[in-house]
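**Student:** In case it helps, the working numbering puts the sequence shown at residues 75 to 328.
Any given hint could be a false lead.
Taking lysine-lysine and the DSSO-like style, the derived pairs with C-alpha atoms no more than 27 Å apart in a straight line are [said to hold, decoys possible]:
| id | residue 1 | residue 2 |
| --- | --- | --- |
| 1 | 291 | 166 |
| 2 | 292 | 135 |
| 3 | 138 | 161 |
| 4 | 203 | 166 |
| 5 | 211 | 201 |
| 6 | 138 | 203 |
| 7 | 147 | 211 |
| 8 | 125 | 92 |
| 9 | 121 | 89 |
| 10 | 121 | 147 |
| 11 | 135 | 320 |
| 12 | 203 | 135 |
| 13 | 147 | 89 |
| 14 | 135 | 211 |
| 15 | 135 | 92 |
| 16 | 211 | 89 |
| 17 | 196 | 135 |
| 18 | 159 | 121 |
| 19 | 313 | 203 |
| 20 | 166 | 292 |
| 21 | 121 | 203 |
| 22 | 291 | 320 |
| 23 | 121 | 135 |
| 24 | 159 | 138 |
| 25 | 211 | 161 |
| 26 | 159 | 196 |
| 27 | 292 | 147 |
| 28 | 313 | 211 |
| 29 | 159 | 92 |
| 30 | 166 | 121 |
| 31 | 138 | 313 |
| 32 | 313 | 121 |
Across the chosen pairs, the derived CB separations fall in these ranges [unchecked claim]:
| id | residue 1 | residue 2 | range |
| --- | --- | --- | --- |
| 33 | 140 | 172 | 20 to 28 Å |
| 34 | 140 | 280 | 37 to 45 Å |
| 35 | 261 | 87 | 36 to 44 Å |
| 36 | 89 | 182 | 17 to 25 Å |
No lab work stands behind these hints, which were simulated from the structure alone.
Beta carbons are placed, not taken as given, at the ideal position from N, Cα and C, and that holds for glycine.
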Amino acid sequence: MGYPNDILTSRAVVKPGKYMLLPPEGLVNNVVPGFENVSMSILSTPKTGAKFVDYIVTMHKGGKNEQGFGSGKDVESFVYVLDGKIKASADKEEFVLEQGGYLYCPPSATMYLENLQDADSKLFLYKQKHIALEGHKPWIHAGNSNENEEVIYDDMENVHIQDLLPTDIAFDMNFHILTFDPAASHPFVETHYQQHGAYLLSGEGMYNLDNEWIPVKKDDYIFMDTYCLQAAYAVGREKLSYVYSKDCNRDAFL
């Protein structure tokens with residue numbers, strides 16, 4: 075990595091139990107058993123207040139995970155391809171995923187990943203414990219966000235949302251992509267029970283996190299805990315877009 079070129083500074087903000095902003099230049103590599111020829115950083119975890127674990131993974135030539143990811147009787151997993159081309163397997167089903175491709179594995183399936191190109195492939199990876207609902211079981215689901223319908227968000231034609239997973243009560247979470255045209259914003263400052271883990275796909279913006287306005291841009295990662303105030307403005311000439319998780323379809327527990 076070499077000597078620094080300037081005074082050491084960082085845009086990162088870490089407030090466990092509230093929110094985090096993690097810019098890419100501050101991330102370090104973590105060794106995760108089962109992954110070979112990869113560079114990966116662990117982002118949100120229960121140590122930060124999250125009920126899930128997020129990762130940024132760069133799969134180098136020959137990169138793979140032959141031991142499986144997210145395996146466990148109550149663990150569900152999800153992968154989104156930021157760049158590159160991979161093979162993602164769910165037990166006996168195989169999917170070739172390129173940029174925008176994704177795969178969800180319910181607790182009954184184990185996810186396997188393999189880079190299919192000589193160049194790097196970059197992934198956003200997720201796992202959490204599934205909250206089962208009697209009489210309902212989620213299923214393996216794959217797709218590509220480039221082929222999904224964009225829906226107008228809250229009656230605002232300059233903001234669009236895409237659902238990546240089925241909106242079925244069997245699923246206790248979903249992944250979405252929210253996209254703001256330049257100068258667009260949320261309709262109000264949100265305060266809600268759900269948590270989010272978000273990776274910025276494009277653009278620049280100002281994000282309200284617990285009533286602090288913080289500049290964000292492409293390749294940043296944001297964690298928002300339960301009841302963290304949140305809203306965004308898109309700034310600059312490019313659309314602001316991010317992929318994010320949201321827990322849903324379950325009651326609060328006593």
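**Student:** Run through the hints listed earlier and report the numbers of any the structure violates, in increasing order.
**Tutor:** Of the numbered hints, 1, 11, 12, 13, 14, 15, 16, 18, 19, 20, 23, 27, 28, 29, 30, 31, 32, 35 and 36 do not hold.
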